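These protein sequence lines are chains U and L, in that order.
Just so we're aligned: 173 in my numbering is position 173 of the first sequence, and the numbers increase by one with no gaps anywhere.
Just so we're aligned: 76 in my numbering is position 76 of the second sequence, and the numbers increase by one with no gaps anywhere.
These are calculated hints, taken from the structure and not from any lab test.
If you're wondering where the values come from, they're calculated on a predicted model, not measured in any experiment.
Errors might be hidden in some of the hints.
From chain L, some residues computed to sit far from chain U (all C-beta separations above 10 Å) [what the hints assert, rightly or not]:
{"no.": "1", "residue": "ASN20"}
{"no.": "2", "residue": "LYS46"}
{"no.": "3", "residue": "ILE49"}
{"no.": "4", "residue": "SER64"}
{"no.": "5", "residue": "ILE131"}
{"no.": "6", "residue": "ILE160"}
{"no.": "7", "residue": "VAL167"}
{"no.": "8", "residue": "MET170"}
{"no.": "9", "residue": "ARG181"}
{"no.": "10", "residue": "PRO185"}
{"no.": "11", "residue": "SER217"}
Calculated pairs, SDA-like style, for lysine to any residue (alpha carbon to alpha carbon, straight line, at most 20 Å) [claimed, not checked]:
{"no.": "12", "chain 1": "U", "residue 1": "LYS210", "chain 2": "L", "residue 2": "LEU107"}
{"no.": "13", "chain 1": "U", "residue 1": "LYS4", "chain 2": "L", "residue 2": "HIS95"}
{"no.": "14", "chain 1": "L", "residue 1": "LYS99", "chain 2": "L", "residue 2": "PRO162"}
{"no.": "15", "chain 1": "U", "residue 1": "LYS252", "chain 2": "U", "residue 2": "ASN226"}
{"no.": "16", "chain 1": "L", "residue 1": "LYS99", "chain 2": "U", "residue 2": "ARG283"}
{"no.": "17", "chain 1": "U", "residue 1": "LYS210", "chain 2": "U", "residue 2": "LEU75"}
{"no.": "18", "chain 1": "U", "residue 1": "LYS137", "chain 2": "U", "residue 2": "LEU157"}
{"no.": "19", "chain 1": "U", "residue 1": "LYS252", "chain 2": "U", "residue 2": "GLN38"}
{"no.": "20", "chain 1": "L", "residue 1": "LYS99", "chain 2": "U", "residue 2": "ILE16"}
{"no.": "21", "chain 1": "U", "residue 1": "LYS287", "chain 2": "L", "residue 2": "LEU107"}
{"no.": "22", "chain 1": "L", "residue 1": "LYS158", "chain 2": "L", "residue 2": "ILE191"}
{"no.": "23", "chain 1": "U", "residue 1": "LYS4", "chain 2": "L", "residue 2": "ILE191"}
{"no.": "24", "chain 1": "L", "residue 1": "LYS177", "chain 2": "L", "residue 2": "LEU107"}
{"no.": "25", "chain 1": "U", "residue 1": "LYS184", "chain 2": "U", "residue 2": "GLN94"}
{"no.": "26", "chain 1": "L", "residue 1": "LYS99", "chain 2": "U", "residue 2": "MET285"}
{"no.": "27", "chain 1": "U", "residue 1": "LYS4", "chain 2": "L", "residue 2": "PRO86"}
{"no.": "28", "chain 1": "L", "residue 1": "LYS99", "chain 2": "U", "residue 2": "TYR8"}
Chain U side only, calculated, beta carbon under 10 Å to chain L, not exhaustive [to be verified]:
{"no.": "29", "residue": "LEU10"}
{"no.": "30", "residue": "THR29"}
{"no.": "31", "residue": "ILE87"}
{"no.": "32", "residue": "GLN90"}
{"no.": "33", "residue": "ILE91"}
{"no.": "34", "residue": "PHE102"}
{"no.": "35", "residue": "VAL116"}
{"no.": "36", "residue": "VAL131"}
{"no.": "37", "residue": "ASN250"}
{"no.": "38", "residue": "PHE260"}
{"no.": "39", "residue": "VAL268"}
For each residue, glycine too, the CB sits at the ideal point set by N, CA and C.
What follows is the residue order along each chain.
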Amino acid sequence: MRNKYLPYFLLIPMFIMIIVIVFIPLLTTVFYSFQSYQLSDPDAQNTFIGLDNYAALFQSERFRSSIITSLIYILGSVTGMLLFALITSQIANQSFRGRAFFRASILLPWAVAPVVAAQAWKFMYDTDFGVINFILKKIGVIERSIPWLVSDHYAMLSVITTNVWKTTPLLTLIVISGLQTISKDLYESADMDGSNAWQKYFYITLPLIKPFILLGLIFTTLQTINVIDIVYIMTGGGPGEATEIFTLYNYKVFFQYLDFGLGGAMAVIGVLVIGVLISFYVRGMNKNMET
Amino acid sequence: MKQKSGVLFWIFFTLLVLINLTPYLWTMLTSFKSQNEIFALSIVPKQLIIDNYVQVIFESGFLSNIWNSFMVSGITSLVCLIIGVPAAYSFARLHFRFKNPLFMLVLFITIFPGIFIISPLFDFLRSIGAIDTYFALILPYVAYFTPLVVWILTGFFKTIHPSIEEVAIMDGCGVVKMIMRIFLPLSIPSILTVGIIAFTLAWNEFLFALIFTSSESARTVPVAISRFQGVHSLDWGQMTAAAVTATIPIVLISVFLQRYIISGLTAGAVKE
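Put together the whole structure using the sequences plus the hints.
Put into structure tokens, the structure is as follows:
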């Protein structure tokens, strides 16, 4: 009797926070997106302009390029992270002397603030005083310094490297939690059948950690697009708009161009894209559970 | 799987450790160099100096940024726990309708990009005059980090076997008393762990901090570090000293409590 409402009662404070800080602003953003709302020009506030903001976006070259840039940034980051996370988690899950040290070394990039990671890598990538050019020249790979962060060709590669360094631990930890759920008996019976290490990995390990990899990829993809810190600090989106990802452009529309209407329309499109992404994920998970 | 500690294993081990540690170690080394040695790019400097730290700590006002971060992160993690522990208990132990959809919602809030809701939040905080106060940061942090706290804690709570609690209830111990006397003491390590995780996230957060602060009175560490290139042009020595000062506590905590934090970050995923 008394306990019937207890579960909801315990959840209420959290959901009030979520509603006030996430849901109401989200609806307000949708509302803004149909308005001409320039923060710099108070007179223009609250004019309903229908879909004009959306129309402006779809005609904007910069908006389109920010979407493509985001896709490259995400794809490059996720590929790198997956590669490192699969190897790292495999090592971290074995018992050997130095495992605690190894695991602590994984946590370091996780614990460091993205801003700090960005500044550290920015310094290492510096054309004249960066250690990366210094070493590459010393070992004779390059003759002249590469302008990593100010050249169209290398800027994207440089920010992706930093993001992979910073975000891989999150994926690694989720994959480790998947590895820990696999029963040792499976490997023992595979041993008796005479399977080698690769066969065991591809036929036992990978299929069993697939749901964890999926979850980890959703997390790291959103983290990648969510955390503008790295791009903001290392290149500011440049050179030109070479590294201007969607969220960074959205930030600029809001707080540099002070256009809350246009920015709102961008945000709404972003939310829709993420919604589609997550619904694919949920569907994938459900299918995984059925089989 | 177990026996092959071969050459390949140790090559990967060394490579990965190097990749993980080098950027931070290089930052540390740089922070002890003089301006000349930084520009001369000496890998091993002739002498190590602490001038950069002295300037950062005593002359640049960076201490007030650290104090702001400390207050904001401390209050945030405390409030996250006060709100999050009951919610996690509810998800882990009690049965109610819409439990799974609500739990999914909690999961997705943790990864919802803040930029998409930031403009109305900015308007709201400005209208109540809260811009540039601790409150402006604590409010969104609590909303964003409580779901993560709940998600991880629910995984933790499920690993505590409920039989002890059931025995206590059967012995005539009331629910509230049981939670206070048995459940909470058993969960102290996990609650501390998620508290540290929430603290770290708040300490490192940049976007809200960048937009909701406008002066030194509430500016936190990440924003201060991001401004180093603008305010002190190209002073890598001071920037790295500031970065190290700001990260050392967090890094030490997570390295020494590595076991707990990893089990915390993995507990949430396991319960799927």
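Against the structure, the hints come out as follows:
no., hint, in the structure
1, ASN20, "violated, 4 Å"
2, LYS46, "holds, 17 Å"
3, ILE49, "holds, 18 Å"
4, SER64, "holds, 17 Å"
5, ILE131, "holds, 12 Å"
6, ILE160, "holds, 17 Å"
7, VAL167, "holds, 18 Å"
8, MET170, "holds, 16 Å"
9, ARG181, "holds, 18 Å"
10, PRO185, "holds, 19 Å"
11, SER217, "holds, 19 Å"
12, U/LYS210 to L/LEU107, "holds, 19 Å"
13, U/LYS4 to L/HIS95, "holds, 9 Å"
14, L/LYS99 to L/PRO162, "holds, 19 Å"
15, U/LYS252 to U/ASN226, "holds, 14 Å"
16, L/LYS99 to U/ARG283, "holds, 18 Å"
17, U/LYS210 to U/LEU75, "holds, 18 Å"
18, U/LYS137 to U/LEU157, "holds, 19 Å"
19, U/LYS252 to U/GLN38, "holds, 13 Å"
20, L/LYS99 to U/ILE16, "holds, 17 Å"
21, U/LYS287 to L/LEU107, "holds, 19 Å"
22, L/LYS158 to L/ILE191, "holds, 13 Å"
23, U/LYS4 to L/ILE191, "violated, 26 Å"
24, L/LYS177 to L/LEU107, "violated, 30 Å"
25, U/LYS184 to U/GLN94, "holds, 12 Å"
26, L/LYS99 to U/MET285, "holds, 17 Å"
27, U/LYS4 to L/PRO86, "holds, 15 Å"
28, L/LYS99 to U/TYR8, "holds, 10 Å"
29, LEU10, "holds, 4 Å"
30, THR29, "holds, 6 Å"
31, ILE87, "holds, 6 Å"
32, GLN90, "holds, 9 Å"
33, ILE91, "holds, 6 Å"
34, PHE102, "holds, 7 Å"
35, VAL116, "holds, 5 Å"
36, VAL131, "holds, 6 Å"
37, ASN250, "holds, 5 Å"
38, PHE260, "holds, 5 Å"
39, VAL268, "holds, 8 Å"
Checked against the numbered hints given earlier, the structure breaks hints 1, 23 and 24 and satisfies all the rest.
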